[in-house]
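Could you slot chains V and P onto chain D? The hints should help.
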Amino acid sequence: MIAELGLGLLWLAAGLAIIQSVLGMFGLWQTNRPDLGNAVRPVAVAQAVLIGMAFCCLIYLFIVSDMSVKLVAANSHSDKPMLYKVSGAWGNHEGSMLLWVAVLAMAGGGIALAERRVRRDTLIATLMAQGLLALGFYAFLLFSSNPFERLNPAPQDGQGLNPLLQDPGLAFHPPTLYFGYVGMSVAFSFAVGALITRDVGPAFARAMRPWVLGAWVMLTLGITAGSYWAYYELGWGGWWFWDPVENASLMPWLAATALLHSVTVLATRDALRAWTVMLSVVAFSMSMVGTFLVRSGVLTSVHAFAVDPQRGTFLLALMLIYIGGALALFALRVGTVREGAVFEPVSREAALVLNNLFLTVILGVVLIGTLYPIVAQGFGQQVSIGPPYFNPAAGSVALMLVVVMAAGPLMRWRSDSASKVLRRLAIPVAIGIVSLLVVRLLAPDMGVLPWLGLSTALLAGTGSIAPLWKRNLLQTPLFTWGMVVAHLGIAVALAGMAVDSAFYKERLVAVSEGETTEVGPFSVKLVSVEPVIGPNWTAIEATMEARRGDGRPFTLHPQARNYSTPPTDTSEAAITTHLDGQLYAVLGKQGKDGRWQLRLWWKPLVTFIWLGGFMIALGGLLALVGRVWRERRGARSAELAA
Amino acid sequence: MKAKKQRLILALLGLGAVIGAGLLAASGLKQEASFFYAPGDVVGSDLPLGKAVRLGGMVADKSIRHDPDGVTIHFIVEDGKAAVPVIFKGIAPDLFKEKSGVVAEGEFRADGAFIASNLLAKHDERYMPPELEGKMHKTGSLTS
Amino acid sequence: MRKVLLWLPLALFGLLLGVMGHGILHPEQTTIPSKLVGTKVPQFELPAAVPSHPALTSRDLASGKPVLLNIFASWCLPCIAEAPVLEELKAKGVTIHAIAIRDKPEDVARFLTEHGDPYANIGSDVSSRVQISFGSSGVPESFVINGKGIIRHQHIGDIQAQDIPKILKALEEAR
Chain D
746 MIAELGLGLL WLAAGLAIIQ SVLGMFGLWQ TNRPDLGNAV RPVAVAQAVL IGMAFCCLIY
806 LFIVSDMSVK LVAANSHSDK PMLYKVSGAW GNHEGSMLLW VAVLAMAGGG IALAERRVRR
866 DTLIATLMAQ GLLALGFYAF LLFSSNPFER LNPAPQDGQG LNPLLQDPGL AFHPPTLYFG
926 YVGMSVAFSF AVGALITRDV GPAFARAMRP WVLGAWVMLT LGITAGSYWA YYELGWGGWW
986 FWDPVENASL MPWLAATALL HSVTVLATRD ALRAWTVMLS VVAFSMSMVG TFLVRSGVLT
1046 SVHAFAVDPQ RGTFLLALML IYIGGALALF ALRVGTVREG AVFEPVSREA ALVLNNLFLT
1106 VILGVVLIGT LYPIVAQGFG QQVSIGPPYF NPAAGSVALM LVVVMAAGPL MRWRSDSASK
1166 VLRRLAIPVA IGIVSLLVVR LLAPDMGVLP WLGLSTALLA GTGSIAPLWK RNLLQTPLFT
1226 WGMVVAHLGI AVALAGMAVD SAFYKERLVA VSEGETTEVG PFSVKLVSVE PVIGPNWTAI
1286 EATMEARRGD GRPFTLHPQA RNYSTPPTDT SEAAITTHLD GQLYAVLGKQ GKDGRWQLRL
1346 WWKPLVTFIW LGGFMIALGG LLALVGRVWR ERRGARSAEL AA
Chain V
693 MKAKKQRLIL ALLGLGAVIG AGLLAASGLK QEASFFYAPG DVVGSDLPLG KAVRLGGMVA
753 DKSIRHDPDG VTIHFIVEDG KAAVPVIFKG IAPDLFKEKS GVVAEGEFRA DGAFIASNLL
813 AKHDERYMPP ELEGKMHKTG SLTS
Chain P
6 MRKVLLWLPL ALFGLLLGVM GHGILHPEQT TIPSKLVGTK VPQFELPAAV PSHPALTSRD
66 LASGKPVLLN IFASWCLPCI AEAPVLEELK AKGVTIHAIA IRDKPEDVAR FLTEHGDPYA
126 NIGSDVSSRV QISFGSSGVP ESFVINGKGI IRHQHIGDIQ AQDIPKILKA LEEAR
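These protein sequences, in sequence, are chains D, V and P.
Note that our numbering has the first sequence beginning at 746, numbered continuously upward.
Note that our numbering has the second sequence beginning at 693, numbered continuously upward.
Note that our numbering has the third sequence beginning at 6, numbered continuously upward.
Check the hints yourself; a few may be wrong.
Stated by the list, open to error - Mimicking DSS-like on lysine-lysine, the simulated pairs with C-alpha atoms at most 25 Å apart in a straight line are:
#, chain 1, residue 1, chain 2, residue 2
1, D, K1337, V, K789
2, P, K8, V, K694
3, D, K1334, V, K781
4, V, K789, P, K8
5, V, K781, D, K1270
6, D, K1334, V, K722
7, V, K773, P, K153
If you are wondering where the hints come from, they were derived from the structure by calculation, not from laboratory data.
Here chain D stands alone, though its shape is the one from the complex (with noise of 0.2 Å):
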């Protein structure tokens, strides 16, 4: 019954994207029929409560595991966690697709709220735009993805959602991740919609810009999580592996942090209008070509969805369609798009511009990589393209922008002297350079790119504070603690990923119990390896004593891990986390003389990787809300000034 409800609700749902297109078209068409035009907000309203409506049956179903829908029989399973349970309902193609196309709904119904300041024919013309990206993802849903339909007879028990999305990591990872992709369609939207009223402005840019910053922290949040995720589960040690599917987050971010900048020159001053419109495209099909990477099986990867060229078909349809009409449309309209504000080669537009150019040329060499194994294909060759390659390349490129990242905010608006930059920027650079030097005398054998990856680090890190200093703190705006935040986030991250790639230390040997041997500053002993048992699993558990010098000891639990639905095994690493980094252990095979392959890191300073991606993505949120404020301020003494 429920099942039914969902379908129907998800129905009724595409209906109303239809009939917000239509009336959004005509409503721009029909000047003289503002009513035509008035109801299309109330309609996306309707068409977000409808939706939402519907994903809470599917979650209902996976909550109370009915087995006789197709999609609750092959994820889920009576024994899994409630956690899981509900999680379950978007670890799996159809009904991820069916959060992606209700966060857009929602993100359409919440502009069709909350939006004021943007001119009414933009606004109807954006929700327009957005009703159509709906309808092309209703219709791969209804037509070849349907997460209600049936299964007849209904099995006794679920195949069991894959133990490896079984964890509390990977439960958040991809709302968040969609909440990220589908921001970016909301910025398409309003690009589009203000492409067809010419109405390229600051009151656009300022629209956006709370959607933009929205989408980024998610997008943000998505990737440090990931990244741990891989971190902690596969236990190889490493954090980000250049695989496709991390790639194909990576990229909407990339195009995203270059969005967000550029909607704020345009919000202020009114610059980098055709930029920043063909950079909101660009951010949304970065979306649309990752969902395409995870999902068609065009390129093998650790953690792609289920595959299937019939969807990834579809998919790139739909991109034909949407991307290549905002395209075209751009290629027609921008010429009519009055020119931006003039500013100086040395000038925060300037800087920012040149900020817009590293990442984008970071992005093409990420996109080039992850897609050139298809080319080779083409050709016979089997190729796989990895960190040799990507490391270097766009390693290379981040720092230069990173430089520029501590340069920007300290520099003037429309003009600027170099020397007076260079000035503000003493501290910072002598940093730098007084870095580069003790570093090298400590650490000579430091490979190239951490050595300069942690002197940009301190460069930055300073630099992100310099915008405070000599300022009155508690009168600066929330907005620009948010800014400090987040490039200061940019900084610790990068100085653990310096750190950590340079000075880890590995151990890998094998032990009988009783033996202690040493990592790092660690010494550890094998205590014993005996079996347990867990909910949905059994494994093989050693109890691992670790000191440092005269410390207190401590134990480490590390896992090889057997499952049963579906059969699978995982190696679960042990992790303790110490102020200066972490000590990871991981336990390998018996071998035939009794003794325990065991491997062992000590990784120092590689929390901050995850700690600045969250000093990131709370940059963002302290600038999102400082904005927010901002203009309900303004707008509140506009009122009463009124």
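Same frame as chain D, but now just chains V and P:
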């Protein structure tokens, strides 16, 4: 007009960034693309020394030997045409065994041995969603 | 100049779509076709898999007329699906030899009784060694071999009804 000129410059800079990315990518790809080799591909021809490559084939029967350190294994990868000795230090995946397929990532040594940094055993089922189980072609595993 | 810049993004996107579309049409190969196509069959001598059929050696595959070599196993599910297609090929006059990999005589015999027996000679390849020497990476897999023992065509996976014309054509061309 200054504004028009500025827009043109910005557009050209954007184009420059795209071209720059392309050039950077091309040079990186040329050097760092990791190719896949079967044993038969390397015997008799120049070894791709100093490059990260992948070697795939079957683990020859009775060829796995464990070193006294307990973590280094030696084995032979063959494809019926040739055989390559491989040395791997690490924890082997569960599906790694004799007469089963394997893909090793690593580098060739000048003497023809392959030093593996990572091993992938075929049908690492952990990452394969249920839909793909029971594929039509049951591969015995020459590939990843 | 301006026009070029305006339409360049769309053109680049078209290129991107092309790459991704190409990737869909030519999915990443999860098997590697044998490099032996065009080369002579590897030398081998396999014992008989079942008493009812003769053993198989590489000489049987260079008999003067084209033959189809089918690599199968009793535990292989797609091989069951393939059996009627092989029967049809046999009915059309094709000589089909087989290599049964990693199998036991009683299981092979049971397979032939239950699903049909289109084979002439059946060799038993318990360790899969000969299979590998053919560059075969799984079951079922079939090879079209000409009268001189040169491999002319490789078919990966089960031969389906719609593949029959292709196989017959390959056999024809192998004359």
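So which of the earlier hints does this model not fit? 4 and 6
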